[in-house]
Structure formats: C-alpha cells, structure tokens
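Residue numbers (our numbering), protein chains in the order written: chain A, 1 to 287; chain B, 1 to 287; chain C, 1 to 287; chain D, 1 to 287.
Just so you know, the hints here were simulated from the structure itself, not pulled from any lab data. Some hints here could point you the wrong way.
Since copy identity is lost for identical chains, a pair holds within one copy or between any two.
[Unchecked claim] Capping the alpha-carbon separation at 35 angstroms, the derived lysine-lysine pairs in DSBU-like fashion look like this: (1) K103 <-> K178; (2) K26 <-> K178; (3) K147 <-> K103; (4) K86 <-> K12; (5) K279 <-> K178; (6) K147 <-> K178; (7) K8 <-> K147; (8) K103 <-> K279; (9) K26 <-> K86; (10) K178 <-> K86; (11) K178 <-> K12; (12) K178 <-> K8; (13) K26 <-> K147.
There are 4 protein chains.
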Amino acid sequence: MSKYTRNKWRVKLHEIIYEADTPEGKLFDVVLLITILASILLVMLESVQSIDENFHNFLNISEWVITILFTIEYIARILTVRRPIKYIFSFYGIVDLLSTIPKYISLIVGGVHALAALRALRLLRVFRILKLARYLGASNNLMNALKASRAKISVFLFAVIIVAIILGTIMYLIEGEKNGFTNIPKSVYWCIVTLTTVGFGDITPQTPLGQFIASFVMILGYGIIAVPTGIISAEYTSQSKSGEQTNIDNNPKPVQLNSQCCVNCLEVKHHDDAEYCHKCGCQLHHD
Amino acid sequence: MSKYTRNKWRVKLHEIIYEADTPEGKLFDVVLLITILASILLVMLESVQSIDENFHNFLNISEWVITILFTIEYIARILTVRRPIKYIFSFYGIVDLLSTIPKYISLIVGGVHALAALRALRLLRVFRILKLARYLGASNNLMNALKASRAKISVFLFAVIIVAIILGTIMYLIEGEKNGFTNIPKSVYWCIVTLTTVGFGDITPQTPLGQFIASFVMILGYGIIAVPTGIISAEYTSQSKSGEQTNIDNNPKPVQLNSQCCVNCLEVKHHDDAEYCHKCGCQLHHD
Amino acid sequence: MSKYTRNKWRVKLHEIIYEADTPEGKLFDVVLLITILASILLVMLESVQSIDENFHNFLNISEWVITILFTIEYIARILTVRRPIKYIFSFYGIVDLLSTIPKYISLIVGGVHALAALRALRLLRVFRILKLARYLGASNNLMNALKASRAKISVFLFAVIIVAIILGTIMYLIEGEKNGFTNIPKSVYWCIVTLTTVGFGDITPQTPLGQFIASFVMILGYGIIAVPTGIISAEYTSQSKSGEQTNIDNNPKPVQLNSQCCVNCLEVKHHDDAEYCHKCGCQLHHD
Amino acid sequence: MSKYTRNKWRVKLHEIIYEADTPEGKLFDVVLLITILASILLVMLESVQSIDENFHNFLNISEWVITILFTIEYIARILTVRRPIKYIFSFYGIVDLLSTIPKYISLIVGGVHALAALRALRLLRVFRILKLARYLGASNNLMNALKASRAKISVFLFAVIIVAIILGTIMYLIEGEKNGFTNIPKSVYWCIVTLTTVGFGDITPQTPLGQFIASFVMILGYGIIAVPTGIISAEYTSQSKSGEQTNIDNNPKPVQLNSQCCVNCLEVKHHDDAEYCHKCGCQLHHD
Numbered sequence: 001m002s003k004y005t006r007n008k009w010r011v012k013l014h015e016i017i018y019e020a021d022t023p024e025g026k027l028f029d030v031v032l033l034i035t036i037l038a039s040i041l042l043v044m045l046e047s048v049q050s051i052d053e054n055f056h057n058f059l060n061i062s063e064w065v066i067t068i069l070f071t072i073e074y075i076a077r078i079l080t081v082r083r084p085i086k087y088i089f090s091f092y093g094i095v096d097l098l099s100t101i102p103k104y105i106s107l108i109v110g111g112v113h114a115l116a117a118l119r120a121l122r123l124l125r126v127f128r129i130l131k132l133a134r135y136l137g138a139s140n141n142l143m144n145a146l147k148a149s150r151a152k153i154s155v156f157l158f159a160v161i162i163v164a165i166i167l168g169t170i171m172y173l174i175e176g177e178k179n180g181f182t183n184i185p186k187s188v189y190w191c192i193v194t195l196t197t198v199g200f201g202d203i204t205p206q207t208p209l210g211q212f213i214a215s216f217v218m219i220l221g222y223g224i225i226a227v228p229t230g231i232i233s234a235e236y237t238s239q240s241k242s243g244e245q246t247n248i249d250n251n252p253k254p255v256q257l258n259s260q261c262c263v264n265c266l267e268v269k270h271h272d273d274a275e276y277c278h279k280c281g282c283q284l285h286h287d
Numbered sequence: 001m002s003k004y005t006r007n008k009w010r011v012k013l014h015e016i017i018y019e020a021d022t023p024e025g026k027l028f029d030v031v032l033l034i035t036i037l038a039s040i041l042l043v044m045l046e047s048v049q050s051i052d053e054n055f056h057n058f059l060n061i062s063e064w065v066i067t068i069l070f071t072i073e074y075i076a077r078i079l080t081v082r083r084p085i086k087y088i089f090s091f092y093g094i095v096d097l098l099s100t101i102p103k104y105i106s107l108i109v110g111g112v113h114a115l116a117a118l119r120a121l122r123l124l125r126v127f128r129i130l131k132l133a134r135y136l137g138a139s140n141n142l143m144n145a146l147k148a149s150r151a152k153i154s155v156f157l158f159a160v161i162i163v164a165i166i167l168g169t170i171m172y173l174i175e176g177e178k179n180g181f182t183n184i185p186k187s188v189y190w191c192i193v194t195l196t197t198v199g200f201g202d203i204t205p206q207t208p209l210g211q212f213i214a215s216f217v218m219i220l221g222y223g224i225i226a227v228p229t230g231i232i233s234a235e236y237t238s239q240s241k242s243g244e245q246t247n248i249d250n251n252p253k254p255v256q257l258n259s260q261c262c263v264n265c266l267e268v269k270h271h272d273d274a275e276y277c278h279k280c281g282c283q284l285h286h287d
Numbered sequence: 001m002s003k004y005t006r007n008k009w010r011v012k013l014h015e016i017i018y019e020a021d022t023p024e025g026k027l028f029d030v031v032l033l034i035t036i037l038a039s040i041l042l043v044m045l046e047s048v049q050s051i052d053e054n055f056h057n058f059l060n061i062s063e064w065v066i067t068i069l070f071t072i073e074y075i076a077r078i079l080t081v082r083r084p085i086k087y088i089f090s091f092y093g094i095v096d097l098l099s100t101i102p103k104y105i106s107l108i109v110g111g112v113h114a115l116a117a118l119r120a121l122r123l124l125r126v127f128r129i130l131k132l133a134r135y136l137g138a139s140n141n142l143m144n145a146l147k148a149s150r151a152k153i154s155v156f157l158f159a160v161i162i163v164a165i166i167l168g169t170i171m172y173l174i175e176g177e178k179n180g181f182t183n184i185p186k187s188v189y190w191c192i193v194t195l196t197t198v199g200f201g202d203i204t205p206q207t208p209l210g211q212f213i214a215s216f217v218m219i220l221g222y223g224i225i226a227v228p229t230g231i232i233s234a235e236y237t238s239q240s241k242s243g244e245q246t247n248i249d250n251n252p253k254p255v256q257l258n259s260q261c262c263v264n265c266l267e268v269k270h271h272d273d274a275e276y277c278h279k280c281g282c283q284l285h286h287d
Numbered sequence: 001m002s003k004y005t006r007n008k009w010r011v012k013l014h015e016i017i018y019e020a021d022t023p024e025g026k027l028f029d030v031v032l033l034i035t036i037l038a039s040i041l042l043v044m045l046e047s048v049q050s051i052d053e054n055f056h057n058f059l060n061i062s063e064w065v066i067t068i069l070f071t072i073e074y075i076a077r078i079l080t081v082r083r084p085i086k087y088i089f090s091f092y093g094i095v096d097l098l099s100t101i102p103k104y105i106s107l108i109v110g111g112v113h114a115l116a117a118l119r120a121l122r123l124l125r126v127f128r129i130l131k132l133a134r135y136l137g138a139s140n141n142l143m144n145a146l147k148a149s150r151a152k153i154s155v156f157l158f159a160v161i162i163v164a165i166i167l168g169t170i171m172y173l174i175e176g177e178k179n180g181f182t183n184i185p186k187s188v189y190w191c192i193v194t195l196t197t198v199g200f201g202d203i204t205p206q207t208p209l210g211q212f213i214a215s216f217v218m219i220l221g222y223g224i225i226a227v228p229t230g231i232i233s234a235e236y237t238s239q240s241k242s243g244e245q246t247n248i249d250n251n252p253k254p255v256q257l258n259s260q261c262c263v264n265c266l267e268v269k270h271h272d273d274a275e276y277c278h279k280c281g282c283q284l285h286h287d
C-alpha cells in the first residue's frame with residue numbers, strides 16, 4: 001500500500017480526531033472532553049440510589065446517547081488509522097473499547113453492576129486529550145522532577161513499608177485482638193494509617209504501652225514526611241536551575257507541543273517542521 | 001464636571017476613608033478593623049444558643065450599633081467618591097452593602113437565619129484595610145510565588161481529583177454499600193479525605209482488599225503532598241534569589257506601599273511622588 | 001558596695017549554679033536536669049488514678065524530696081546573686097517559685113488539684129539548662145530561620161484563620177445543628193481541624209453539599225501546607241548559604257557558647273576572654 | 001592458621017553467601033530475598049484466624065520448610081567464616097538465630113504466640129541483602145542528608161515533646177476526666193496525636209476552651225511540620241550541590257558498590273581492586 005492511496009476525507013478525519021492543530025481538531029477535543037466529563041458525572045449520579053430512582057429514564061437515555069457517541073468515535077478512530085490492529089491493542093484502544101461496551105453487555109446479560117463501573121475508565125481518556133493540549137507544558141517540569149527522583153522515592157517507600165510491617169507486628173503483640181488489632185495485616189494497616197498521619201480512628205491503641213509506641217510511630221511519620229518533600233524540592237530546584245542554564249546556553253525552545261499524530265503508527269511528539277514521521281517514515285499531513 | 005469643583009471636606013473625607021497616609025486615615029482604619037472584628041465576634045457568639053439566650057438584648061443592641069456605623073461608613077464612601085456607581089458595583093461595594101443590610105431586612109421579614117450569616121462577609125472587608133497597610137509587604141513575595149506556580153498547582157490539583165475519582169470508584173466496587181461506601185460521590189469524598197491525610201474515620205474500609213487499597217491511597221497521598229511543597233519551595237527560593245539580584249543591580253526600593261486612592265476611579269498602587277492618577281488622570285490630593 | 005566584698009564561697013556557688021564551665025557546674029546541671037525530668041515523670045504518674053492509689057506514699061515522699069531540693073536550689077540562687085530582687089522577678093525566678101510552692105500550699109489548703117499541675121512548669125526550667133549547653137549550637141540556625149520568616153508566617157496564619165472563619169460559617173449554614181455543626185465557633189473549630197488535615201471525625205459533614213465543600217476545604221488545606229514549608233525551606237537554604245559565606249570571608253567562630261553568668265545582673269553570652277560584664281561592668285570570675 | 005589453608009569449597013561458598021559479584025552469589029541473594037518475603041507473608045497470614053483455621057497444615061509445613069532452609073543458611077554462614085564467634089555475636093548473627101529458632105522452641109514448649117512473632121525479625125535480614133545490592137546507591141544521598149541534619153532534628157523532636165507535655169497538662173486541667181482526658185500521660189498522647197495531624201478522634205475536646213486550645217495546637221502542628229521539611233530540603237539541596245562540585249573537581253566515581261566480604265572479619269566496602277582486607281589484612285578471593 002503506497003503512502004498516497006488513502007482518500008482525502010480519511011486524512012482530514014484523522015487530523016480532526018487525533019490532532020489539535022486545526023480549528024476542527026480543537027473543537028473535536030473540547031466536545032470530547034465535555035462528553036467524557038458529562039459521562040463520568042452520569043456514572044457517579046447513577047450510583048446514588050435516590051437520584052437513580054427519580055431520574056432513571058433520563059440517566060438511561062443519556063447513557064445510551066453517550067455510548068452511541070463513543071461507539072461512533074471508536075469506529076472513526078479505527079477507520080482513520082492505517083493499522084487498525086495497532087490502535088485496537090494499544091492502551092487507549094483498550095480503554096476506549098472497555099468504556100464503551102458495558103451498556104451493550106447490559107442489554108444481553110442484564111444490569112451487571114460491576115461492569116457499569118468500567119465506564120469510570122473513561123476518565124483515563126481525558127489524559128489523551130490533555131496530552132495534546134498546550135496546557136500540559138506546565139506539567140513537564142513536574143514529570144521530570146518525579147522521574148529523576150523515582151529511585152530515591154522507591155527506596156523511601158520501601159523503607160516506609162518495612163517500618164510499617166515491623167511496628168505493626170509489635171503493636172499486634174502489645175495490643176492484641178481485644179483492642180482491635182485482630183491480626184498482623186490489620187496492625188500493619190493501622191500502622192500505615194498512623195505513619196501517613198491519616199488517623200481514621202477506627203482502630204486505636206488502648207494500653208499505655210501501645211499509646212507510647214503509637215506516639216513514637218506518629219512522630220516518626222511526622223518526621224519522615226520531610227524526606228520525599230526534601231527530595232522533590234531539591235530535584236525541582238536543580239531542575240529549574242539547569243532549565244535556566246539550558247535556556248541561556250542552547251536553544252531557548254524547551255518543549256515541543258506540536259499535536260501531529262502519524263496516520264500509520266500513531267506516534268506523536270513530531271518536530272514542528274517535520275514532513276515525515278520520525279518512527280515509520282510515513283508522511284505527515286499539514287493543511 | 002471639572003476636576004477641582006469638589007468641596008474641600010469631601011476630599012478630606014476621601015483621604016480619611018480610602019487612604020492611610022494621614023494620622024486620621026490610620027485612626028479610621030484601626031477603628032474600622034476593630035469594629036469589623038467585634039462584629040464578627042458578635043455573629044459567632046449569636047450562633048451559640050446558650051449565649052444568645054442569656055445576652056440576647058446586649059447582642060441585639062450591639063448589632064444595631066455596628067449596623068448603623070457600617071451604614072454611615074457606606075454612605076460616606078458613596079459621597080466621597082466621584083463615581084458612586086462604580087464603587088457600588090465594585091467587589092467591595094457589594095460586600096459592604098450585603099454585610100450591612102441583613103439587620104434592616106430582619107426588621108421587615110423577621111429573623112431570617114441564613115441572612116444573618118451574610119454578616120460574616122464583613123470579614124472580607126478586612127482584606128481592604130490590610131491591602132493599604134504597610135504590613136502587607138511581607139505577603140507580596142508569597143503572592144508572587146503562588147501566582148508563578150499557579151499553572152503547576154492547577155495541573156497537580158486536576159491530577160489529584162482524577163486519582164480520587166478513579167480510586168473512589170474502585171473502593172465503591174470493593175467495599176460496597178454495606179461498609180459505608182453508599183455511592184460513588186461518597187466514595188470519592190472518602191478518597192479525598194484519605195488522600196489529603198485528613199482521615200475523619202466516619203467511613204472506613206472493612207474488607208482486607210479495601211484496607212490494602214486504602215493503604216496504597218494513603219501512601220500515595222503522603223507522597224504527593226511533596227509535590228506542591230516542592231513547587232512552592234523552588235519558586236520561593238528562585239524568587240528570593242532574583243529578588244536579591246534585583247536589589248543589587250537596580251533600585252533597592254522593591255515594593256510601593258503608598259496608600260493613595262484616586263477619588264475618581266478608586267485605583268490604588270500609585271507612585272510615591274505621583275501627582276495624577278495613572279489610570280484616569282484625576283489629580284491625587286496630598287496634604 | 002565594692003565589686004570585691006563578696007565571700008569566696010558565694011562566688012564559687014554562683015559559678016556552680018549559674019555556669020557550666022567548671023566540672024562542678026556541669027555536674028550540677030546534669031543532676032538538676034535529671035531531678036527536673038524525674039519530677040515531671042512524678043507529676044504525670046500522679047495523675048494516673050491506678051498508680052496514685054497503689055504508690056501514693058512513694059509518690060508523696062518523692063514529691064517532698066524534690067520540693068525540698070528545689071527549695072534549697074531556689075534559696076541558693078537568691079543568695080549567690082548580688083541583686084536577688086532582679087532574679088526573683090525575672091521569668092525563670094517566677095517559674096522556679098511557682099514550680100516549688102504547690103506542695104507547701106497543699107499542706108495548708110489540702111490537695112488542690114489544679115495547683116499540683118503548676119509543677120509541670122518545671123519543664124520550662126529545662127530550657128535554662130539547655131541554654132547553657134553547647135548542644136544548643138545546632139538550634140541557632142533553626143531559630144534564625146524562624147525569626148526571619150516570622151512576618152511571612154504571621155500573614156499566612158492570619159489568612160488561614162480568616163479562611164477558617166468564612167468556610168466555618170458556610171458549613172454552619174449548610175449542615176446546621178442536626179449534623180453536629182451546632183454553632184459558628186464549633187464550625188470554625190471543625191474547619192481548623194480539617195484545614196490542618198488533623199481530621200478527628202467527631203464532627204463530619206453529612207449532606208452531599210457539605211461533603212463537597214469539605215473536600216474543597218481538605219484540598220485547600222493540603223495545598224496551603226506547602227506555603228509555610230516553602231517559606232522555611234527558602235529561608236533555611238539562604239541562611240546556610242550566607243552562613244557559609246560568612247565563614248569564608250570573616251571569623252570562622254560563629255557562635256559564642258561561653259556559659260559565664262554575671263553575679264550582678266545575670267547577663268549571659270559573654271565573650272570567651274571577657275573580664276567584665278558587658279552590661280553592668282561587674283567583674284566576671286574565672287577559676 | 002595460615003591464610004591459604006582453607007578448602008577451596010569454603011572460599012567458594014563464602015563468595016556465594018556473603019558476596020554478590022558472581023552469578024551464583026546474585027542468584028543466592030535473589031532466592032534468599034524471595035524466601036524472606038515469603039516467610040514474612042506466612043507470619044502475617046498465620047495471624048489471620050480464618051486463614052489459619054483453613055490452611056493450618058499448609059502454613060505449618062511451609063514454615064518448617066523455611067525454618068530448615070534458614071537453619072542450613074545459618075550453619076553455612078558459620079562454616080564459611082574464619083571467625084564464627086564474631087559472626088554469631090554480630091547484629092545480623094543474632095537476628096539470623098532469633099528468626100530461625102521460634103519453630104524449634106514451639107516443638108518443646110508448644111505454640112508460644114509471642115515467640116512466633118520473633119520471626120518478623122526476618123525482615124531485618126532484607127537490609128543485609130540490600131546493603132550489597134547496587135540499587136542502594138540511590139539511598140546514599142538520603143542517608144547523608146539525614147545524618148547531617150541529625151542534631152537539628154533531635155533539637156526539633158525534643159522541642160515537640162516538651163510542647164506536647166506542657167499543652168497536654170493544660171488540656172488535662174481544662175477538659176478533665178469526664179471528657180476522656182483521664183490522666184496527664186493520656187493528655188500528652190492526645191497532644192502528640194493532634195500536633196502530628198494524625199487526629200484519631202478517640203479522644204476529642206468537648207469544652208469551648210478546650211476546642212480553642214486544640215485549634216491552637218493544630219495550627220502549631222501544621223506550622224512546625226515545615227521545620228523538619230525545611231531542614232532536610234536545605235541539607236539535600238546543599239548535598240546535591242556539593243556532590244556536583246566534587247564530581248567536577250575530583251574523581252567522578254562517587255560510591256564504591258563492590259560486594260566483596262572478608263572471610264576473616266566480615267568487613268565490607270573494599271576497593272574494587274583491593275587484594276587484601278583493609279581491616280585485618282586477610283586476602284580477598286577473586287574468581
């Protein structure tokens with residue numbers, strides 16, 4: 001199949017659905033974003049019994065409208081991509097399918113409650129739209145800081161979990177079943193609740209020794225919250241510093257926010273003046 | 001209407017009410033601040049049943065005194081401004097009106113409870129006085145740091161809310177109605193309570209799987225608290241650095257804390273030696 | 001009264017009690033520290049009913065021993081100072097007196113419970129000993145960072161309180177008395193509990209709208225915790241930087257930890273080689 | 001005993017057990033890590049009554065398998081070390097013994113519950129394996145930052161505890177036994193729960209004055225959480241800065257992650273090209 005055999009309208013549709021550089025593409029994204037948020041709101045309202053009883057028909061019809069809209073979008077996405085199989089088995093392809101079918105299944109099997117909640121997966125689709133939005137520029141720094149301190153944060157989290165298991169076992173021995181620490185997993189759960197300063201209060205130490213060790217756990221948790229903060233702070237400070245230096249020394253254009261999406265392999269992040277996909281060599285279409 | 005046709009006393013009164021450079025202006029601000037705080041205290045005490053029963057008359061009379069004082073102030077503010085309409089429909093104009101009228105309405109309609117609480121809006125008036133105070137210099141840096149990191153904090157908050165919705169839905173499926181997670185909005189509420197490490201404990205997971213996921217939510221919340229802190233820290237550090245550099249390189253006077261307020265358009269933040277308003281050209285009056 | 005008319009033993013005793021440069025002075029401080037901590041432990045144990053019932057005599061005798069030791073120390077402090085009046089009405093003089101007399105008063109009036117707790121004031125005396133200890137060097141930086149950011153932290157705290165009052169009033173209107181928000185002060189208390197992410201759970205919103213606003217309060221609280229941290233972080237970073245610079249450029253001796261204490265005016269913080277008090281000119285005694 | 005009289009297989013076994021440079025050594029570490037984690041999971045599951053009842057035999061047999069594996073490992077560790085006494089009385093030697101014997105003791109004495117929990121000590125053995133792992137490089141910075149700010153954090157913790165004791169005593173006087181503040185230790189416990197923003201809610205102030213002081217405690221706790229964070233942040237920032245400088249100026253190899261372990265004295269952290277132990281002079285064996 002040559003690169004130029006596809007109809008003009010499929011190229012155009014691809015541009016509207018997958019990209020956000022044209023007015024139509026932007027409009028499509030905004031409409032999709034609103035539809036997703038409305039759909040999430042529907043899922044949430046449906047779970048509230050009193051609302052479901054009073055507005056059952058309205059909710060049902062709205063859900064069908066949204067499901068049909070998403071079905072059309074899903075088919076359009078398959079049609080406009082050159083390798084549909086690749087899209088169907090991509091992360092977003094599976095999310096799109098799973099968040100669309102529950103309503104159809106409910107026709108056959110009847111109201112399966114758990115399946116209905118699959119629709120909450122639609123929220124993940126928000127990230128795809130945002131990925132293309134220029135607004136995301138603000139979060140790049142954030143992501144880099146998190147990525148750079150990933151190893152340190154893992155070590156920290158691992159240490160927190162080990163501390164929680166050791167202290168949880170000690171609390172299980174001290175407080176015992178009569179005070180709510182019925183088993184070690186529950187004690188560890190309590191320990192995490194306390195270390196993270198959440199403190200539900202459903203399980204609380206009753207013995208003086210238990211309260212003393214609980215105080216120790218709390219102060220420890222209070223102290224170690226400083227560690228991830230310090231890591232991110234330092235990383236962030238050094239990031240913004242090196243960012244400034246890069247801006248001065250090299251090219252001042254830091255992030256590419258072009259929303260071009262290859263029709264063949266769905267690769268994004270192309271250069272602003274790229275003519276061909278840097279991954280599969282397929283031509284990119286500009287208006 | 002020429003710029004010089006206004007009576008001397010109106011100019012003087014404007015200076016006292018809107019500005020804080022003269023001794024009378026400062027005295028007015030201090031008296032107003034005390035009146036506002038006393039009035040807020042009254043509103044709070046009135047809502048306590050036992051106090052309201054014992055000191056009803058005292059509270060009622062005090063409220064009338066304060067209402068009349070605020071009415072006089074409101075009229076004076078209208079009289080001394082050249083464009084009263086602009087003041088009346090400005091943010092502080094509406095706040096001034098809303099926080100004054102509840103007592104008058106209660107004469108006609110009887111004790112409307114909700115209206116009485118409108119008086120708590122008076123607290124917003126404190127910001128106007130503080131805006132003029134020199135003390136505010138300390139908060140400029142703070143505001144700048146917050147403004148500069150606004151975009152990053154929005155991204156962060158948006159991510160927190162998406163995480164809360166996804167995890168809330170999962171918890172709703174796992175725990176179900178019997179354990180207090182009666183619907184998805186309530187589950188999302190629980191998830192926010194847990195992510196922010198508040199942990200009321202009115203709803204708590206009871207199943208082992210629910211407690212496991214709750215532990216994950218808590219550690220996640222504990223970890224992501226580092227993100228806004230890191231952002232503000234880095235912003236603040238770079239702010240104070242650039243602030244120092246500016247001080248060395250340029251003019252060492254960093255903030256203008258002149259309290260001049262234009263009689264025509266109520267614009268503030270004039271230069272110390274400004275003779276005319278930089279917005280409407282109206283003359284500023286110095287003693 | 002000449003500077004040299006005082007007995008040798010009074011000078012010696014002054015050195016032991018008020019200073020920590022001689023071995024006897026250090027020993028005195030260590031013994032005093034242990035006595036204070038033991039005494040605090042006694043006060044705490046006495047309040048536990050089961051312990052008080054079983055060990056009443058032991059606790060009573062121990063308390064008398066400690067009271068008599070503190071009485072001797074108090075008299076010795078008066079005797080060895082040249083201006084006893086100044087010591088008696090100083091902060092630590094009053095603390096010493098108040099923490100010593102409750103046991104004597106209990107002889108006359110009988111077991112006054114509240115007075116007994118005055119003995120907890122003894123804890124404040126720990127700070128006097130620590131002030132003299134070389135260990136305190138580590139906390140100087142901390143104090144400076146806190147002092148430098150005092151104004152910013154006040155602005156921040158003031159803003160937190162205003163937010164708590166406004167949101168507390170709103171929650172009072174929404175939730176009302178039936179859901180535990182019985183009056184505005186209690187609502188404001190709930191709001192502070194939530195904003196600071198403490199979350200006792202004794203009062204929790206029950207209406208959907210109340211829970212929605214509570215979520216907002218929590219995320220707000222979660223976000224603003226970043227502000228004081230950012231302030232202290234930035235201050236601390238700049239402090240340690242300027243501290244390093246000072247060390248390089250000027251005298252590397254940063255803090256004077258001499259424990260000399262003037263016999264006349266109780267002034268501390270003398271230079272290591274000072275012969276006379278820099279405040280009253282009275283001679284300082286070296287061994 | 002000369003340095004070269006030991007059998008070849010003991011040297012080989014030492015390399016496998018104590019080091020991680022050879023493929024066999026790495027495999028041993030991975031297998032040991034999995035065994036430890038499986039064993040901890042067993043201890044936790046055993047404490048859950050419903051699981052213990054249904055899978056008692058499976059849990060019992062698994063525990064015996066793991067106990068025998070650990071016994072073999074313990075004996076192998078003793079055999080391959082030149083000075084077994086030194087290993088037996090080292091920290092990890094004692095941990096190894098204590099985490100192995102509970103099952104044997106249960107044969108003689110019967111199911112002693114508390115002893116069974118000693119097996120949770122096995123978790124500490126994870127640190128030994130991780131010490132050798134190259135992954136630990138990420139935590140070196142963390143450890144250094146914590147060590148450097150140790151003194152400051154102690155001062156901070158000491159201050160927190162004194163504040164908790166003073167405020168706890170005040171709350172005990174205000175709220176009294178009828179509101180749950182039964183004695184001073186319990187009040188201090190409540191105060192730590194509140195200061196650290198954990199907020200269980202098992203004890204809450206009921207009087208208006210108590211709630212007012214509780215609000216103060218909460219805001220204080222909210223404020224002072226900034227202090228350790230600021231300390232760690234500043235330390236971390238300066239660490240990474242000085243780390244960068246060192247890398248530029250000196251040798252760019254920052255950490256030695258060689259896992260060689262001396263057969264004589266169990267010293268680790270040898271240079272990559274070391275031929276003899278830098279502590280006891282015993283020869284190190286390379287393949």
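How the hints compare with the structure:
1. K103 <-> K178: between (47 angstroms within a copy, 25 angstroms between copies)
2. K26 <-> K178: Answer is neither; intra-copy 61 angstroms and inter-copy 44 angstroms both fail.
3. K147 <-> K103: neither (38 angstroms within a copy, 44 angstroms between copies)
4. K86 <-> K12: Intra 20 angstroms, inter 51 angstroms, cutoff 35 angstroms: intra-copy only.
5. K279 <-> K178: neither (63 angstroms within a copy, 52 angstroms between copies)
6. K147 <-> K178: Answer is neither: 44 angstroms inside a copy and 40 angstroms across each miss the 35 angstroms cutoff.
7. K8 <-> K147: neither (41 angstroms within a copy, 46 angstroms between copies)
8. K103 <-> K279: neither (37 angstroms within a copy, 59 angstroms between copies)
9. K26 <-> K86: Answer is within; shortest intra-copy Cα gap is 24 angstroms, inter-copy 39 angstroms.
10. K178 <-> K86: neither (56 angstroms within a copy, 42 angstroms between copies)
11. K178 <-> K12: Answer is neither; intra-copy 69 angstroms and inter-copy 51 angstroms both fail.
12. K178 <-> K8: Intra 74 angstroms, inter 56 angstroms, cutoff 35 angstroms: neither.
13. K26 <-> K147: Close inside one copy (30 angstroms) and across copies (27 angstroms); limit 35 angstroms.
In summary, the numbered hints that this structure violates are 2, 3, 5, 6, 7, 8, 10, 11, 12.
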